[in-house]
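Colleague: Read off the chains here:
There are 2 protein chains.
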Amino acid sequence: MRPLIPIALALLALPGLAAQDAAHTVMPVPRSITVASGGLRLDSTFTVAIRGHRDARLERAVNRAITRLEARTAQPMSHVIGSDNATLVLDVRSAGHAVPDLDEDESYRLGVTPARATIEAATVVGAMRGLETLLQLQAADKSGNYLQAATIADAPRFRWRGVLIDASRHFMPVDVIKRTLDGMSVVKLNVLHWHLSEDQGFRVESTAFPKLHELGSDGSYYTQQQIRDVVAYAADRGIRVVPEFDMPGHTTAWFVGHPELASAPGPYSIERRWGVFRPTMDPTRETTYAFLERFIAEMVTLFPDRSWHIGGDEVEPTQWKTSPTIQQWMTQNNVADVHALQTHFNRRLFAILERHGKQPVGWDEILQADLPAGAVIQSWRGMNGLTEAVKQGRHALLSAPWYLDHIKTSREMYLADVLPPGLTPAQQALVLGGEACMWAEYVTAETVESRLWPRLAAVAERFWSPAEVRDVPDMYRRLVVVSRRIEEVGPRHESHTPAMVRRIAGGQDAERLEQFLAYARPRGFGGRGTTQLSPLTRLADAAWPDPWTDWRMRDRAERAVAGDTAAARLLREDFTRMAGFRQILLEMEPRVPLARDGILLATASGRLAGVGTEALQYRIRGTLPTAAWRLRADSVIAATDGKTFGLLRPVGVEAVKVLLAR
Amino acid sequence: MRPLIPIALALLALPGLAAQDAAHTVMPVPRSITVASGGLRLDSTFTVAIRGHRDARLERAVNRAITRLEARTAQPMSHVIGSDNATLVLDVRSAGHAVPDLDEDESYRLGVTPARATIEAATVVGAMRGLETLLQLQAADKSGNYLQAATIADAPRFRWRGVLIDASRHFMPVDVIKRTLDGMSVVKLNVLHWHLSEDQGFRVESTAFPKLHELGSDGSYYTQQQIRDVVAYAADRGIRVVPEFDMPGHTTAWFVGHPELASAPGPYSIERRWGVFRPTMDPTRETTYAFLERFIAEMVTLFPDRSWHIGGDEVEPTQWKTSPTIQQWMTQNNVADVHALQTHFNRRLFAILERHGKQPVGWDEILQADLPAGAVIQSWRGMNGLTEAVKQGRHALLSAPWYLDHIKTSREMYLADVLPPGLTPAQQALVLGGEACMWAEYVTAETVESRLWPRLAAVAERFWSPAEVRDVPDMYRRLVVVSRRIEEVGPRHESHTPAMVRRIAGGQDAERLEQFLAYARPRGFGGRGTTQLSPLTRLADAAWPDPWTDWRMRDRAERAVAGDTAAARLLREDFTRMAGFRQILLEMEPRVPLARDGILLATASGRLAGVGTEALQYRIRGTLPTAAWRLRADSVIAATDGKTFGLLRPVGVEAVKVLLAR
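First to last, the protein sequences are chains A and B. According to my numbering, the residues represented by the first sequence are 140 to 801, in order. According to my numbering, the residues represented by the second sequence are 140 to 801, in order.
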């Protein structure tokens with residue numbers, strides 16, 4: 140631990156204001172961007188023109204952009220889209236694919252000068268990506284609003300930039316899905332992977348097999364009209380919708396209405412617990428494939444995308460191993476083990492999909508010997524699935540680092556990369572991209588948006604921007620702004636914590652709980668003992684997954700160590716607040732029973748804050764701590780770092796570690 | 140102005156804590172309520188049983204109530220509804236009306252003891268009202284959550300307790316309507332008056348005349364399936380849905396597709412301005428009635444309620460007066476003037492409605508000589524329409540005091556009564572109740588909930604509770620709690636200001652703007668010069684219509700004058716904050732262009748705060764101000780009281796007036 144450097148030097152170390160002003164807040168960072176001083180004034184004289192290709196989808200996108208500019212500036216603007224000169228001119232070469240496609244050209248060029256903004260794109264989707272960047276160039280000065288002058292040439296690093304929404308374990312109503320699509324479009328994500336069936340729920344209306352949704356959903360399912368509406372809404376934003384009907388495992392909810400599909404006799408009921416369960420489709424019966432043929436023939440009319448997710452994860456083999464007829468069939472057909480049996484199932488399933496022009500995608504478990512070619516492997520249990528797949532010449536997607544339900548920080552997810560080291564260029568080219576996964580054991584329609592956003596924006600940058608874009612403080616600086624811009628289009632993540640806290644407590648108690656949650660994080664996946672029927676309304680559910688405080692404290696600690704006394708003061712205030720929460724919660728608990736949820740963490744945070752305050756004093760005084768103090772500090776770190784207190788985790792550990800570093 | 144009374148006395152004057160603890164937060168106040176100490180513990184052992192009548196609607200209501208209790212307590216509870224003893228026993232005599240009805244018996248009895256809660260009701264709707272009261276008895280102490288022990292016998296003062304939602308001037312999507320219904324059910328409102336057609340938009344899908352919605356709505360209309368869904372959703376909460384198709388005026392949007400209905404040749408286009416416009420249906424042509432017959436025959440299949448709102452307001456007579464054929468027809472048929480012509484139209488319209496079993500409701504303009512019997516008169520231009528109607532033996536509704544778009548305070552709307560003085564008991568009995576009106580010139584789907592709630596809860600109490608319930612401080616004390624409970628079920632009013640402010644500014648600027656808006660109110664109806672196409676995203680749109688600060692300052696002033704030094708200190712802090720806003724906004728404006736919206740008001744508020752601070756000092760010192768100071772103070776009051784500054788109005792004027800009172 141070094142003492143602080145002198146104040147004069149510290150001031151020099153502050154970033155110049157001019158430099159900050161010239162910074163942009165675009166997320167994801169474009170492939171190439173040059174920001175100049177000045178910009179294009181933004182007022183009611185703003186007009187738009189489309190040159191070249193023009194269609195209704197492009198016009199709707201332009202109209203949405205104008206409406207957002209109007210809302211921000213509170214000034215009416217013309218919605219008449221001309222074909223001549225205007226403030227903003229779009230030059231689009233073609234419609235692009237009729238249905239949003241993996242091979243869509245999403246590149247665009249954007250120029251903003253004091254006289255005009257121009258967007259050039261090969262496709263309508265490219266123009267939409269450019270419009271989102273344009274909206275992120277908005278800034279204001281004493282003369283009013285303007286678009287920052289900039290020259291941008293942009294294209295995505297990966298073609299497949301998705302998010303999985305699990306609408307099965309907890310149902311996610313259409314408005315949640317649409318708001319998610321709106322948020323996705325802001326950060327240029329282009330695939331909604333919609334997880335539609337599970338042990339705990341079958342969520343799509345089927346006219347061919349109505350017992351699927353009638354008996355498998357508790358009445359919470361998407362009508363076919365709603366599905367079409369969502370698919371069209373997504374297409375309007377250049378977003379593909381890839382449905383997942385997970386099979387042959389994770390299928391209990393199918394069997395409530397159709398026990399004949401299962402590998403063991405019924406009856407079945409909707410599973411309420413979380414985990415991996417035995418009910419599994421019977422791959423040895425022709426009736427299973429006849430059913431799937433008819434089912435898929437119906438579903439393909441709803442989902443036009445070329446990709447079709449078959450699931451394939453976590454097949455629990457007990458039913459297969461204990462069924463005499465299945466065992467007999469395996470012997471007769473020389474199917475060596477349950478993995479080979481799943482591959483047999485997949486081969487039959489792929490054949491059905493192929494007849495319907497669909498390309499299968501599956502979780503990495505399907506990558507077994509003899510898996511037919513053509514399937515995209517989605518790697519979720521680590522990097523191995525991806526590495527193995529591309530070595531076999533298969534396409535692959537990576538999800539393992541981006542399980543949003545694990546409640547990692549934006550920092551952690553941002554620093555993970557899609558490409559593991561050691562791949563050849565040819566192998567790299569087989570990696571289509573990545574998907575963040577929002578599994579829904581521990582989120583509901585009420586909480587899901589707070590778990591998606593804003594962290595998903597950091598992941599979106601990883602998928603879109605060049606690999607070299609990895610500056611964490613700059614990412615957080617922009618994320619604070621982009622989070623608000625995402626809220627503008629629909630998602631409610633910024634309102635989430637205050638709203639849930641208001642339910643938990645009233646008046647000043649609510650304010651104090653909100654302050655406490657700025658210094659707390661929810662635990663990751665699991666550890667709750669809840670079922671599908673449990674309320675998810677505890678302090679942990681109200682908490683921010685990655686409160687700004689955490690990285691700000693770390694940033695302040697780094698600045699403090701570098702001699703920034705203002706940062707040191709702010710950090711001391713953080714520690715003072717953290718030290719006070721235990722008493723606040725104890726005092727609150729008789730009025731607010733759920734305050735109890737925070738006391739364990741508040742106690743631990745108080746100890747951490749004590750060490751942090753002292754470490755900061757050592758730094759400021761320029762003295763070195765005693766060995767005894769060091770020992771104690773290390774033990775406090777060991778007792779908090781990576782630890783969980785009830786359903787909450789500490790904030791500020793990294794900051795204290797920075798202060799303690801020798 | 141008297142000096143403060145001594146401190147010892149002041150402490151005695153404070154309400155005892157014990158008394159506060161025993162207070163309830165039920166809104167609307169029941170007809171009879173006795174709260175006892177102690178209560179029924181609320182934990183995962185909570186169970187529900189239904190005795191007597193039982194049906195699916197009741198079970199759904201019970202399930203919703205259990206889910207809300209689970210969410211508040213974060214404890215799972217059994218959703219199995221027994222028929223035997225349980226923690227909560229409902230005893231219901233009958234289903235009540237198949238379609239929610241004006242004559243529904245909504246009374247209930249509710250008892251909570253430490254052993255059990257019981258709800259007795261004649262109908263399912265009565266039981267639902269009781270469940271809402273039960274949910275408002277929830278409290279917490281150091282042992283956890285409980286229901287306050289209470290004995291309640293309750294029934295509404297008025298049968299018709301409604302709110303008009305204008306979905307025509309700005310479209311209100313289904314989720315906004317459903318959240319409004321959820322909020323209504325919390326405070327026992329029972330009529331959604333749905334204003335579905337206007338000069339600016341025709342909002343219902345018509346298969347008989349598809350050009351109505353196709354050409355008259357800009358694509359923003361309710362499908363018939365959505366209408367049915369909303370009507371069922373409302374019925375599930377014991378809420379009637381009364382549609383309004385306003386005619387013969389306010390009909391421009393009909394004429395875009397059907398100019399033949401108008402009294403002057405077309406073409407017509409959707410009106411974008413606000414006001415009263417000339418396009419009016421032609422009451423002299425049989426084709427008009429043939430159209431309406433077929434139109435209503437279709438619409439009655441969507442809206443099962445017995446009441447049918449025909450509008451009838453603000454008929455601009457120019458088209459009638461300038462049409463030679465209409466003038467000729469009037470002469471031939473001895474129709475003396477345009478009022479008589481409207482009555483002719485109404486007579487024909489009523490006959491159509493009667494054939495479909497519908498009873499007409501109309502705005503007070505329809506109350507002309509020779510109006511046929513049977514119509515309910517909705518009085519909006521004052522009390523006269525109501526008084527005149529009941530004197531004629533007609534049923535009446537009052538709306539004039541409760542125009543939510545006039546942005547009065549909850550206090551003002553709460554103190555207005557449904558019954559004017561001087562009516563006989565028989566005349567009083569003809570007054571069905573009241574309706575608050577949410578006209579949509581100056582609200583959008585984004586802002587409407589903040590204009591509905593929480594003020595509508597105060598109005599709901601006026602409609603439900605005994606006339607004697609008029610204690611304003613007690614109303615506000617409960618409104619703060621009920622506002623949060625309304626938010627729980629859907630409406631987003633509590634999140635509104637922070638969310639809009641985040642769009643306007645980031646970081647500390649947003650915090651400061653939010654603080655400023657605690658001391659500002661939006662102006663009332665009009666004065667903006669906007670059209671249907673203008674953004675409504677200025678500071679005034681973000682502002683709370685009746686920020687808690689306003690009544691709290693008044694309350695603090697009254698307590699301060701009565702010798703409460705703590706209240707005096709809080710009030711001084713209010714004034715200090717108010718005095719600082721001008722400088723804050725001026726400093727912010729170069730970054731936040733919309734901050735400019737607040738500078739005029741901040742300047743005036745600063746002056747008011749100066750006078751308030753000085754007045755408070757005179758009170759505390761026990762000295763009397765000079766005549767010159769008084770003159771200056773009076774001039775500052777005159778310059779702020781009831782005044783508008785840009786789009787904002789001051790907060791705290793009443794508090795300063797209390798301090799200045801002699």
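Hints may contain errors.
Chain copies aren't distinguished; within one or between two, either way the pair holds.
[Claimed, not checked] EDC-like cross-link-like pairs, simulated, lysine to aspartate or glutamate; straight-line CA separation at most 20 Å: (1) K281 - E726; (2) K530 - D509; (3) K350 - D773; (4) K317 - E585; (5) K460 - E697; (6) K350 - E585; (7) K782 - E585; (8) K350 - D244; (9) K350 - D648; (10) K796 - D509; (11) K782 - E399; (12) K547 - D421; (13) K547 - E353; (14) K281 - D375.
Because the hints were derived from the structure by calculation, they are not lab data. Just so we're clear, the structure is a prediction, and the values are computed from it rather than from any experiment.
Colleague: Give a verdict on every hint.
Modeller: Each hint tested on the structure:
no. : hint        : in the structure
1   : K281 - E726 : between (46 Å within a copy, 10 Å between copies)
2   : K530 - D509 : within (15 Å within a copy, 89 Å between copies)
3   : K350 - D773 : neither (59 Å within a copy, 75 Å between copies)
4   : K317 - E585 : both (14 Å within a copy, 16 Å between copies)
5   : K460 - E697 : neither (57 Å within a copy, 80 Å between copies)
6   : K350 - E585 : neither (28 Å within a copy, 39 Å between copies)
7   : K782 - E585 : neither (27 Å within a copy, 41 Å between copies)
8   : K350 - D244 : neither (41 Å within a copy, 39 Å between copies)
9   : K350 - D648 : neither (48 Å within a copy, 54 Å between copies)
10  : K796 - D509 : neither (50 Å within a copy, 86 Å between copies)
11  : K782 - E399 : neither (46 Å within a copy, 74 Å between copies)
12  : K547 - D421 : neither (37 Å within a copy, 67 Å between copies)
13  : K547 - E353 : neither (37 Å within a copy, 48 Å between copies)
14  : K281 - D375 : neither (36 Å within a copy, 53 Å between copies)
Hints 3, 5, 6, 7, 8, 9, 10, 11, 12, 13, 14 from the earlier list are contradicted by this structure; the remaining hints agree with it.
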